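With the hints as a guide, dock the two chains, each given alone in a separate frame, to form the complex.
From first to last, the protein sequence lines stand for chains G and U.
Residue numbers are given in my numbering: position 346 of the first sequence equals residue 346, and the series is strictly consecutive.
Each number in my numbering comes from the position in the second sequence (counting from 1) with 1000 added on.
In case anyone wonders, no lab produced these hints; they're calculated from the structure.
Owing to the predicted nature of the structure, the values given are computational and were not obtained by experimental measurement.
Wrong hints could be hidden among the right ones.
Once the Cα atoms are required to be at most 27 Å apart in a straight line, the calculated DSSO-like pairs of lysine-lysine come out as [as the list claims (entries may be wrong)]: (1) G/Lys-347 / U/Lys-1038; (2) U/Lys-1003 / G/Lys-350; (3) G/Lys-177 / G/Lys-119; (4) U/Lys-1003 / G/Lys-225.
Chain U regions said to be covered by chain G (calculated; three or more residues, Cβ under 8 Å) [as the list claims (entries may be wrong)]: (5) 1006-1016; (6) 1040-1053; (7) 1061-1068; (8) 1073-1081.
Beta carbons are placed, not taken as given, at the ideal position from N, Cα and C, and that holds for glycine.
The chain contents come next:
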Amino acid sequence: MAAGPGKDQPSLTANPLLQDIVSSMPTASSAVDGVVGKVPPQIIAKVNAEVSRAERWEHFRCRISNFRDKYSVTPGLYAFGEPDVDDDVLVSANYKLSFDALRRELPGMNFWILVLDTKGINVWCAAGKGTFGTGELVRQVAASRLGAVVSHRRLIVPQLGAVGVNASEIRKRTGFKVRFGPVLAADLPAYIQAGYQKTAEMSTVRFSLKDRVVLTPMELSPSLKKYPWFAAAVLLIFGLQRDGIIFADAWSGGLPFLLLGLVTIAAGAFMAPALLPWLPFRSFAVKGWIAGAATVLLASLIPVIADPQHDAILRIVAYLLFPALSSYIALQFTGSTTYTGMTGVRKELKISLPLYIGVAALSLVLMVVFKLGEWGIW
Amino acid sequence: MVKYLANVATLEYDPENCTGCQRCVEVCPHQVFVMEDKRARVTDRDRCMECGACVLNCEFGAISVDAGVGCAAAIITGMITGGEPVCGCDSDGKSSGCC
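Only chain U is shown next, with the shape it has when bound in the complex (with noise of 0.2 Å):
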């Protein structure tokens, strides 16, 4: 798998309220945890793509990430608006490539 720009991912783990349920170890698309000694550990922040699926579904708050989408579109719309980068590609009519 091809990674993407190296070093700029937010995911922050905390071990210390890992309780070892592995619900982060089921849903990211990326492989990111791995479990250890009953605990999950983070393999490599570098295939962090930020969906923030982890950290909605990690009950114990062991997990944050700055979560949005990596699109330049919505970044850039969002830079225009002031707001927070919004998937502009909805039902709207306006489809690009994404969604």
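In isolation and in its complexed conformation, chain G is listed as follows (with noise of 0.2 Å):
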């Protein structure tokens, strides 16, 4: 990853993710006439407010895959606008989808823009690892030479950035005074209005129905990719017959589960999220389990997915394992959360982990005895 802002300069223009931010390189600029004289500042781009149709695609990209993993800028410095000395300097992370949403929410407004060397992570998930933190500050606003490029000594740091970084710290190491600002960019140019005064709802931190929503592609997607071994141990399980294995009977057998396993995966990655609220009781191993319970109990009115052997054995095994593994799917989605503390998952886990060990081998176990009886041994 980057060194120091100067020395990327050329990599800039190398970066496709940054051509189209950059209007001009900041010695042509007006803006930064004043200081370029005696101390040439080390500033990366010149970046406006305006988001482009390809960046919004690249933004929706991060939603559903792993192209998040490589979107990120170049820490450093940047102009946003036509920034004077006496601008605020607002601290950001350097992962593009952080900074695109800072620059959007900012038209026809002046900063000087210090991005921190996160590795590409959010700012909240990056103070969490230290990544957004007090040493990295330290050192992006020495990098920049900052203090020469502004004439005042402050930093208005996001609010969930008070993760990583300690205020008291940064001032006594470089002589800038830390504000926490508003949880979220749209409310910045509010609080530099009040004369950086926060209300109660600029520093919550919220988790609505959209912001939920938009999580779960990225929950959907590692259940999903563990499917296929799901699938497979299905087919295996019910094509297994006493004189080899029978695809007619895998498929034919194995079709309500295979269905089941579907629907489970939808019920705890995205309906527990979705629902997350009007579902009962705190704990996301129960919001989970009652998910899929639900889920199970509507998916066996169809015709499909109602167990066509009628077979008792198999029905308690549908009930035992599904609502088990979307309780499991759905507990995942604390990582995703804003409001779900340490200790809290540690005890959900505690408690529900050996449950769920239990209930798999059940589930192997009662398998185990169906096919013994369908094989006419018991």
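Here's what the structure looks like:
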């Protein structure tokens, strides 16, 4: 990754992600004329609020795929609009989705944006890991020679960055006074207008239906990647006969379970996150189990899924296994929420993990009993 | 706002050490702290998500919390490796919903 902003300038044109936001290099810009004299500021690029169509498409790809892993901007100091020596310095992460979210909210305004090297991770997560942190902020302030670019000593750090940034330490080491701004970039204009005062709303993180649904593709994806293994196991179990594997049996017997597997993933990875506040109980494992049980119950009304063999054992396995699977998948969503704490998740895991393992083992035993019955051994 | 499990948050606050600087109010994403008589007061501990922002920014050591990520995948990984829960969804190519 980038070492210092100055060294990264040649790579700027090589980076297609940046080409369309770079309108001109800073030395040609009137905004920085005042400071390009004695101490040439190391400015990465001049940017504005316009988000192109290509960028919108990239943002969409970040939501649905691993494209997000490579979506970063060069760390360092950026000029947003036509900033002057008195204008505020906003600190941001180098995940381009975060950087663009900030740009988009500030049309017609002038700022300096100091981008930290967070390895392409957003502010909150990077702050948790420490990459959006005190040390990196001190480093970027020095590398960009910020003190020579602006005449003031103020930094606006996104509030969620406070997990990694120690304000008093920054003051001691750089002389810059940190103000933790609003949670959302959209509130920045109102926050500055009010004389750097936050309302309670501005400093509260929310988790709306839209916030949750936008995260679900990346919840569905890991489960769907494991689905072929589940499908192979189901087909093997149902196809296994005394004289070999019979494909017709595998398909006809396994189809209800294959479909239940799919609706279970939808229940745990989509329904549970989307319906989060309306599903009863606070535990994610319980919410996921309820979503899964309701889905299996409803799906069983569909003729293809309804147990064609009218076998009690298969029905018990279906109601044991699939709600538990949904519960496990929903528990994974704790990693994406804005309000679950470590101690709580630990407690949930302590109770639910042994239950999941028990359910899986019991299901396996029941399937063996079912097969023995099918083969006329028992 | 939906709340997570009751009575689990490890947040501890000692008003004796509070100087009323208001940093905790400024950084808490869930409004756990309010100012009252020039000192911070904890409103609802169940709203605390143990992010640790207040502890890091309290110069006077008035707050403590067992901070970490509330992420099942990270905690399971921590259990297996025997270390602290670490967000696995890093730039190592393994990508899940979080981060």
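Evaluation of the provided hints:
no.	hint	result
1	G/Lys-347 / U/Lys-1038	violated (36 Å)
2	U/Lys-1003 / G/Lys-350	holds (20 Å)
3	G/Lys-177 / G/Lys-119	holds (25 Å)
4	U/Lys-1003 / G/Lys-225	violated (31 Å)
5	1006-1016	holds (count 4)
6	1040-1053	holds (count 7)
7	1061-1068	holds (count 3)
8	1073-1081	holds (count 5)
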